[in-house]
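Join the two chains into one complex using the hints; note that each chain is given alone, in its own frame.
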Amino acid sequence: MVVVLTVICACSALVLAYANKDTKAPREYQLLKYVEAPSIKAVLTNYDNDPIKDRVVLKIGKDKKGRPLNKNIFLAKKGGAIVGLAYDAAGMGHEGPIDVMVGVDTKGTVTGISIMTNSETPGLGSRVAEPAFTKQFKGMTLSDNLTLSAKGGKIDAVSGATVSSKGVVKAVRKALEMFPKVKKEVG
Amino acid sequence: MSLTKEFTKGLWNEIPPFRLVLGICAALAVTTSAKNGIGMGLATTAVLVFSNLLISMLRKFIPRNVRIAAFIVVIASFVVLAELYMQAYFYPLYKALGIFVPLIVVNCIILGRAEAFASKNPVLPSLVDGLGIGIGYTISLFVLGGIREIIGHGTLFGMSVMWSSFQPFGIMLKPPGAFLCLGLVLALMNFISSKQKGH
Chain A
1 MVVVLTVICA
11 CSALVLAYAN
21 KDTKAPREYQ
31 LLKYVEAPSI
41 KAVLTNYDND
51 PIKDRVVLKI
61 GKDKKGRPLN
71 KNIFLAKKGG
81 AIVGLAYDAA
91 GMGHEGPIDV
101 MVGVDTKGTV
111 TGISIMTNSE
121 TPGLGSRVAE
131 PAFTKQFKGM
141 TLSDNLTLSA
151 KGGKIDAVSG
161 ATVSSKGVVK
171 AVRKALEMFP
181 KVKKEVG
Chain B
188 MSLTKEFTKG
198 LWNEIPPFRL
208 VLGICAALAV
218 TTSAKNGIGM
228 GLATTAVLVF
238 SNLLISMLRK
248 FIPRNVRIAA
258 FIVVIASFVV
268 LAELYMQAYF
278 YPLYKALGIF
288 VPLIVVNCII
298 LGRAEAFASK
308 NPVLPSLVDG
318 LGIGIGYTIS
328 LFVLGGIREI
338 IGHGTLFGMS
348 VMWSSFQPFG
358 IMLKPPGAFL
368 CLGLVLALMN
378 FISSKQKGH
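Heads up: the sequence lines are chains A and B, in that order. Per my numbering: the first sequence = residues 1 to 187. Per my numbering: the second sequence = residues 188 to 386.
Chain B extracted, bound-state conformation (with noise of 0.2 Å):
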């Protein structure tokens, strides 16, 4: 397997959460907007690359017994670390975030990353993974939180971009909004899919 292709299939072949349906309820709950989804998708990158470099590296000396228990406190050491580091120094997005930036840790792409790909695999490939699925969930955060930003509320990152008498439908911005949303990327995806198999 090349790196190349460790990298892009977090771009398409497994992007999370469409292909790779893990980590569905933070990219439900903080794609608001759509800065918000690139905050959030940064962050878990961050996280989930430093938690399966060193995962790999200590994927030797890890029990399988306790293997979860490691990787837990290893991820949950690097999201209190984010958690810092964001809240000295991007504030207004740290409170945006909320609740949802200690929650990384519960996020089971990272843990799914880690029990899957980073322990059974050496360093570099790992950091490759972590970064594709990162960015993978990054670029999906960001078209579910631009497609509800512009629909239900009209603009896209704080901009104005629809025509002045567009009326925005404030239930994208509503939880509702986001289940609807992300079935219909879904399904989008999954029709894009089928043609190119030829069905």
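The shape of chain A in the complex, shown without the other chains (with noise of 0.2 Å):
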């Protein structure tokens, strides 16, 4: 009685396990495509490839407990030349961290960023998701005045969620500040 229960469950155990194995680049795949692509096909510009495809892992580090750190970079071609990098960066909001997909082109020059997810007050925070806000954004660089209009920077803060506006301008400097690397990474 044991021993078939026993068996049965192993059997069961390893199968699911090849299984596992076996789908999870398609799983991974289809995860970006259904959750990240929006995000990614509205910050990169003038591209005719697919950046889900075109994307090199790229190890940025160590977390806390050793364990290398990745990063999606999603690439924009055109004709088999690159045209622009998209890759995520988090910046801290007001409830928590905001994650922020943003598009450079390859000289570094921002074409655009979308909010990907956040945990801001829903109705104030929340709108940094809002075009008004995220395409103030595009056509910065890092020397560029980017930091709220309030500290003399060019980016207006969403009225009432400056904390948020924050995070979203943190993000967006921490991918900046990433890009060399990035660039000398996928050539």
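If you are wondering where the hints come from, they were derived from the structure by calculation, not from laboratory data. Glycine is no exception: its CB is placed at the ideal position from the N, C-alpha and C atoms. Be a bit skeptical, because a hint or two may be false.
25 Å max Cα-Cα, derived SDA-like pairs, lysine to any residue [stated by the list, open to error]:
no.: 1; chain 1: A; residue 1: K21; chain 2: B; residue 2: A263
no.: 2; chain 1: A; residue 1: K71; chain 2: B; residue 2: Q274
no.: 3; chain 1: B; residue 1: K282; chain 2: A; residue 2: A42
no.: 4; chain 1: A; residue 1: K71; chain 2: B; residue 2: P289
no.: 5; chain 1: B; residue 1: K247; chain 2: A; residue 2: V15
no.: 6; chain 1: A; residue 1: K21; chain 2: B; residue 2: K222
no.: 7; chain 1: B; residue 1: K222; chain 2: A; residue 2: A37
no.: 8; chain 1: A; residue 1: K21; chain 2: B; residue 2: K247
no.: 9; chain 1: A; residue 1: K41; chain 2: A; residue 2: T134
no.: 10; chain 1: A; residue 1: K24; chain 2: B; residue 2: I286
no.: 11; chain 1: A; residue 1: K41; chain 2: B; residue 2: A275
From the derived model, a few chain A residues whose C-beta atoms are all more than 10 Å from chain B [unchecked claim]:
no.: 12; residue: R27
no.: 13; residue: T121
no.: 14; residue: P122
no.: 15; residue: P180
Listed below in structure tokens is the structure:
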């Protein structure tokens, strides 16, 4: 009785472990395609490839437990040549990290940003995801005055949501600071 | 009993969930469109056919006392397989069906067929039984989903099928609509059957 049940469970575990491994890559691809793709497509311009397929994984350091931290870099190509990159960066908002997908061209100019996940107050901080705010980042570089207008910068904060706006600016700055390293890696 | 009879019983005489009133939960919850109905039906069919097949093969080895536990392990494994492969290759459908994909494991039709049929019959009839019941279930979910989509949204498979001034009955897409629809189809089927018997 016990033996039969044990054997059945063991076989089942074996099959499932195999299936898990077998479907891992396509499942990741689907998740990227349906969850991140809308953001990626929104921040890249003027390309003719599938940035989800043409992605490279970059090791960007280690987490607290010493495991490598990976980052997906999505490449936009036109006629085979890279015309832009998209990758995400996070900045601390009012309620938690705000994850921003940032698109940059080969010179490090922002082609667009899109807020992927945020837990900001609905109707207030969450309005940083609206195009009225995000479109201000288009055409920015790190040498521009990439801070809120209250501090003399070029970005107008969403009124009543300074902390959330600051979080987004921080995320974009972080992404742009990463750019030289990313560019070197993807060549 | 002939194989044809085993197959066709799932299509009318024992068609779930109308005749074999099992698997109601999923049938009511996911049939908001014809496409979701068919997707759910096919996923259930796949699990049903493979679990019937395996349970029938193992029927002489599984001790009576632990048979339910053994059946559940087999069924659960196939459900997880279905879930993984759906996620990998049919992501939008997987998203649309949501929690009801893992819940196939508690679909009474599958355990019911394992207990009532596959554990007592040879491999081939069990396979045919699973296929018949599964296809019957798929047809039923398609009918329910189709009716609800047409009346509740004015479309079938996303294409407009009603006249332009048609006002959709939104209630048909909500849970009460599922009960209304199931009840009406059940009544219709009983009416046809009673006519056939000549009452």
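Right, here's what the structure says about each hint:
no.	hint	in the structure
1	K21/A x A263/B	holds (18 Å)
2	K71/A x Q274/B	holds (22 Å)
3	K282/B x A42/A	holds (22 Å)
4	K71/A x P289/B	violated (30 Å)
5	K247/B x V15/A	holds (22 Å)
6	K21/A x K222/B	violated (29 Å)
7	K222/B x A37/A	holds (24 Å)
8	K21/A x K247/B	violated (32 Å)
9	K41/A x T134/A	holds (15 Å)
10	K24/A x I286/B	holds (20 Å)
11	K41/A x A275/B	holds (21 Å)
12	R27	violated (5 Å)
13	T121	holds (27 Å)
14	P122	holds (22 Å)
15	P180	holds (35 Å)
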